[in-house]
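Can you build the whole structure from these sequences, using the hints too?
So the sequences go chain by chain: S and V. FYI, in full-length UniProt numbering the residues of the first sequence are 1 to 309. FYI, in full-length UniProt numbering the residues of the second sequence are 1 to 309.
Check each hint, because a few of them may be wrong.
In the SDA-like style, the derived pairs of lysine to any residue whose C-alpha atoms are separated by at most 25 Å in a straight line are [claimed, not checked]:
1) V:22 with S:145
2) S:85 with S:72
3) V:180 with S:235
4) V:180 with S:183
5) S:196 with S:39
6) S:180 with V:208
Computed far set for chain V versus chain S, every beta-carbon distance over 10 Å [claimed, not checked]:
7) 8
8) 13
9) 73
10) 79
11) 207
Stretches of chain V that chain S covers, calculated by requiring three or more beta carbons in the stretch to come under 8 Å of a beta carbon on chain S [claimed, not checked]:
12) 23-29
13) 172-179
14) 182-191
In case anyone wonders, no lab produced these hints; they're calculated from the structure. Since the model is a prediction, treat every value here as computed from it, not as a measurement. Backbone N, C-alpha and C fix where the C-beta goes; we use that ideal spot for every residue, glycine too.
There are 2 protein chains.
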Amino acid sequence: MAELQTLQYDTEDMYPSRLYAKPVSIPRQDPVVYSKATDHAPLTAAQIAEYEKKGFLFLDDIFTQYELDEMISEMHRMREDSSIKQREESITEQESGAVRSIFSLHTLSDVFAKLAQDPRLVAIAEYLLGERVYIHQSRLNYKPGFSGKEFYWHSDFETWHTEDGMPRMRALSMSIALTKNESQNGPLMLIPGSHKRYVSCVGATPKNHYLFSLKKQEFGVPDEQSLTQMVREGGIETATGPLGRITLFDCNTMHGSNGNITPYPRSNLFFVFNGLSNRVVEPFSSTETRPEYISARDSIKPLETVIFN
Amino acid sequence: MAELQTLQYDTEDMYPSRLYAKPVSIPRQDPVVYSKATDHAPLTAAQIAEYEKKGFLFLDDIFTQYELDEMISEMHRMREDSSIKQREESITEQESGAVRSIFSLHTLSDVFAKLAQDPRLVAIAEYLLGERVYIHQSRLNYKPGFSGKEFYWHSDFETWHTEDGMPRMRALSMSIALTKNESQNGPLMLIPGSHKRYVSCVGATPKNHYLFSLKKQEFGVPDEQSLTQMVREGGIETATGPLGRITLFDCNTMHGSNGNITPYPRSNLFFVFNGLSNRVVEPFSSTETRPEYISARDSIKPLETVIFN
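Structure (structure tokens):
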């Protein structure tokens, strides 16, 4: 695999955004599933076809109850740890001050460092991305009861491309539910098929955008007409389901979530696997890079490979 | 029925709120269903029992498609009518400026004036409240797509009592869905059984509270502990359902809704029927009354009776 590690996409901007005065819709230039069907796969053919078509897939019964208990108690420990709350990796709610996200989980916690390298997860990421992978970003998302705020529709790739310099669509996310996700407590919503089109957003990236975009995104926001068209074609699917469910989704799948006034909090772990050839270059539409804990750049380490041996 | 029209509750404050430094839970002092089971009823015994127990009831197939079409086109006409948009009865979204509510529908529109007096609706209100009724408030609620804001949990009665001077729990609301209400577009959520307890809220009513409370409520807000307890006991039910569904609910049933980032708008008509003996007196915890279009006071007219003849 030595040769794979040296390959890297060039810096041509295949997905320009935040550059034009009007929204532009660009067809996806990259595969969704990079491995061949004949390769040994950690998913069924039906699952792979569903992922390719919709841009996401739900996986249940991956973890044992013991593993889930360990993740949940580690989540609680971290949220209550005042030394972690004070770190820049912790993002708090604009109004209530409660912890909303903790970034770079895999460097702050041994439990989550081990989870990020779990062969069951790495094998899926390697298969779909067709090469060795590394963690581009990881975080804990906590949507508290009563005051959980919405996350407006977005493609993660749009931000990773413009602000972090991720060249191509060769990354995926795994969101692991640490609470039951119900229709009422602001679950993730995804637009099936939206990953096959890139919505080029309007408006230049302001300086230090990440400091407020993690609370409320105002740039890199897709236009209503494009969203309406995508929903008309694909509908909306909601990631409601049991504790422990993995929502696996492509980097360009349009997603978002409503707020949460119910007493039920909602939390999940979030790992972004990126192909090693797709490691970040200079940002495509920003004058500065984001911090290492939001976007790995200097600390890139390929995960122990499962498939590519 | 002449004697009923002259009866009126006295001005003792049975449900103090916004007076204490801590939240207080007060048991309901009033019946939920005022008529006797032996009276001729426009609902089945099972429906009445469900309403008594949960504090709400869903009614489908009341209106014909023709009637619904007429309501929808009247809604669109009113929302686009610039003379109505400029009236004080129109409430706009804090951020987007879009029309969120139009109050006093039954005085601004012949179509909705007729609907407010519809014998099918009046008969249900008269039966449950056990006397002649009038419209305390009516409005059109429009939750736009993409930017629909949440309505936090509240008991309508808490506001009608403290700010309008409604003496007792002898009022009910009918919400008529003019769009399909889905789990994703911010549907009404209700807490079954919450109508049997009154949560006395903390914080005095500020002057001209109604001018901003209709956009974002900051007083008369129930505490999280009381809400958690109510949800633990009764759960949460969501008023998802077909266009034309009536959600009938007691004035003290705790309800609210999450925001709506989907492209699907959500709209409904809202009529509050109050028992004639329960007409408003001086506000119980406010130094001023709210305008006539929010709370009928001088313009009270009993609706043509269906049952009490």
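Which hint numbers does the structure go against, in order from smallest to largest? When the structure is compared with the hints, numbers 6, 12 and 13 turn out to be violated.
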